[in-house]
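Engineer: So you can see what is in the structure, the chains are spelled out below.
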Amino acid sequence: GNSVTQMEGPVTLSEEAFLTINCTYTATGYPSLFWYVQYPGEGLQLLLKATKADDKGSNKGFEATYRKETTSFHLEKGSVQVSDSAVYFCAFSGAGNKLTFGGGTRVLVKP
Amino acid sequence: NAGVTQTPKFQVLKTGQSMTLQCAQDMNHEYMSWYRQDPGMGLRLIHYSVGAGITDQGEVPNGYNVSRSTTEDFPLRLLSAAPSQTSVYFCASSYSDRVLTYEQYFGPGTRLTVT
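Sequences listed follow chains Y and F, in order.
In this text, residue positions in the first sequence follow our numbering: the first is 10, and each later residue adds one.
In this text, residue positions in the second sequence follow our numbering: the first is 44, and each later residue adds one.
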């Protein structure tokens with residue numbers, strides 16, 4: 010069935026370190042792919058998205074590329090800040106607007 | 044615009060009690076949905092609606108009812124609360140058509156504890 014697998018956290022980094030969060034998906038057809046971010050005590054916000062193969066989504070220094078051949082959508086940021094501490098969710102949208110989420114990866118950035 | 048609002052923010056129920064979680068949006072979105080968030084499991088879809096008068100089940104619908112009498116509101120009803128329903132509940136909304144995929148906007152969540 011449809012599913013999203015992302016690396017478990019927590020991921021602890023120092024400020025200015027490089028961040029990668031792996032995400033792979035299993036889905037029929039060609040879904041749209043998303044990264045959502047949840048800051049402490051808040052709801053989810055869309056971080057970036059890609060709607061077709063080889064598209065690159067980017068926002069706030071984060072990037073992810075839709076790789077159809079590896080069914081992956083890994084999230085990267087070259088230099089993290091303390092304010093990037095949050096839980097990151099990979100998701101895809103299949104039929105209609107229904108989202109299937111991964112389990113989330115908690116990221117903690119220390120000064 | 045207030046976006047997506049949810050009430051209450053926190054709720055404690057005893058097993059067997061019923062309650063309604065409220066969700067409203069002021070963006071004229073056709074699509075609304077309810078998710079529950081449990082540790083390590085991401086968000087799972089409970090019920091969704093593609094417009095007023097139309098609802099359908101998601102991945103984990105058992106124990107929950109919904110209705111959509113207006114475009115703005117999409118309440119979630121727990122008929123007889125169980126400890127397994129302890130979770131954080133999120134409501135989301137978006138535009139909808141059959142071709143494009145639109146960003147979903149999430150509410151701040153309701154933290155529910157069932158004892």
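Hints are computed from structural coordinates only; laboratory data are not their basis.
Please read these numbers as outputs of a predicted model, since none were measured by experiment.
Please note that a few of the clues may not be correct.
[Claimed, not checked] Pulled a few chain F residues facing chain Y out of the computed Cβ check, cut under 8 Å:
hint	residue
1	Ser137
2	Pro151
3	Leu155
[What the hints assert, rightly or not] Beyond 12 Å from chain F on every Cβ pair, some chain Y residues (computed):
hint	residue
4	Leu55
5	Lys58
6	Thr79
7	Thr80
8	His83
9	Gly113
Cβ atoms here follow ideal geometry from the backbone N, Cα and C, with glycine treated the same way.
Engineer: Next, verify each hint and record whether it holds.
Structural biologist: Okay, the hints, checked on the actual structure:
At a threshold of 8 Å, the smallest CB-CB gap from Ser137/F to chain Y is about 5 Å, leaving the interface hint in force. At a threshold of 8 Å, the smallest CB-CB gap from Pro151/F to chain Y is about 5 Å, leaving the interface hint in force. Violation of the interface hint for Leu155/F is found here, the shortest Cβ-Cβ separation to chain Y being roughly 15 Å, above the 8 Å cut-off. The non-interface label for Leu55/Y is inconsistent with chain F: the shortest C-beta to C-beta separation is roughly 5 Å, within 12 Å.
Look at Lys58/Y: its CB is around 7 Å from the nearest CB on chain F, not clear of 12 Å, so calling it non-interface is violated. Distance to chain F confirms Thr79/Y as a non-interface residue, since its nearest Cβ pair spans about 21 Å, more than 12 Å. Annotated as non-interface, Thr80/Y keeps its C-beta farther than 12 Å from every C-beta of chain F; the closest such distance is 17 Å. Non-interface call for His83/Y relative to chain F: holds, since the shortest CB-CB distance, roughly 17 Å, exceeds 12 Å.
A Cβ of chain F approaches the Cβ of Gly113/Y within 12 Å, the least distance being about 5 Å, so the stated non-interface status is violated.
Of the hints listed earlier, those the structure fails to meet are numbers 3, 4, 5, 9, in rising order.
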